[in-house]
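Trainee: Numbering-wise, the working numbering puts 128 at position 138 of the sequence shown, and it's gapless, one number per residue.
Please keep in mind that the hints were generated in silico from the structure rather than gathered at the bench. Every residue gets a Cβ at the ideal spot worked out from N, C-alpha and C, and that includes glycine. Heads up, some of the hints might be wrong.
As the list claims (entries may be wrong) - Derived pair list, reagent style DSBU-like, types lysine-lysine, alpha-carbon separation capped at 30 Å:
| # | residue 1 | residue 2 |
| --- | --- | --- |
| 1 | K133 | K109 |
| 2 | K105 | K115 |
| 3 | K104 | K130 |
| 4 | K(-8) | K26 |
| 5 | K109 | K137 |
| 6 | K(-4) | K26 |
| 7 | K75 | K105 |
| 8 | K133 | K26 |
| 9 | K133 | K(-8) |
| 10 | K104 | K133 |
| 11 | K116 | K75 |
| 12 | K130 | K105 |
| 13 | K104 | K26 |
| 14 | K109 | K130 |
| 15 | K137 | K105 |
| 16 | K(-4) | K75 |
| 17 | K115 | K130 |
| 18 | K(-8) | K137 |
| 19 | K116 | K104 |
| 20 | K19 | K(-4) |
| 21 | K116 | K137 |
| 22 | K(-4) | K133 |
| 23 | K130 | K75 |
| 24 | K133 | K105 |
| 25 | K109 | K75 |
| 26 | K137 | K104 |
| 27 | K(-8) | K116 |
| 28 | K115 | K133 |
| 29 | K137 | K75 |
| 30 | K115 | K137 |
| 31 | K(-8) | K19 |
| 32 | K115 | K26 |
| 33 | K115 | K104 |
| 34 | K75 | K26 |
| 35 | K(-4) | K104 |
What the hints assert, rightly or not - Label-pair ranges, simulated between beta-carbon atoms:
| # | residue 1 | residue 2 | range |
| --- | --- | --- | --- |
| 36 | E82 | R124 | 27 to 33 Å |
| 37 | V4 | L129 | 35 to 41 Å |
| 38 | K137 | G69 | 20 to 26 Å |
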Amino acid sequence: MKVSFKLNGRPVEVDVEPNEILLDTLRLKLGVTSVKRGCERGECGVCTVLLDGEPAYSCLLLTAQVEGREVVTVEGLRGDELAEKIARSLVEQGAVQCGFCTPGFILTIYAGLKKGLIKNVEDAKKLIEGNLCRCTGYLKILKAVEKLLA
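Based on the sequences and whatever the hints tell you, model everything.
Mentor: Okay, structure coming up:
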């Protein structure tokens, strides 16, 4: 079946199997490398994308479900001032070590800040609950958000 959607601002059309998940379509067919395979149960956040501006786990979405919608990955935020501030703050606070989880955190924090859902560190803490990081712990990530809010 053919599925058409907007990926990082550009229209795409891709042939998919009816049971194909968006994660596989993005990585294997469209070459989007920031979206990672992790738990495959929607618990770790490494497959996070923005779907119509909302964080979503691409491992839980059939590609057919994004027909006519907009999908943004971290690659689609290149040049975006807010996204670059978030990335810079994460680096400056030492919140990036292996980098495996970083795209998911950037997208989740980006959406939260854009929608005004993060007014303090407690808001950020609640918002990033669905993103796991095995390297930094969360204190450095939260410190990076705190610096953004200052």
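Trainee: Taking the numbered hints from earlier one at a time, note which ones the structure violates and give those numbers from smallest to largest.
Mentor: 9, 18, 22, 27 and 36
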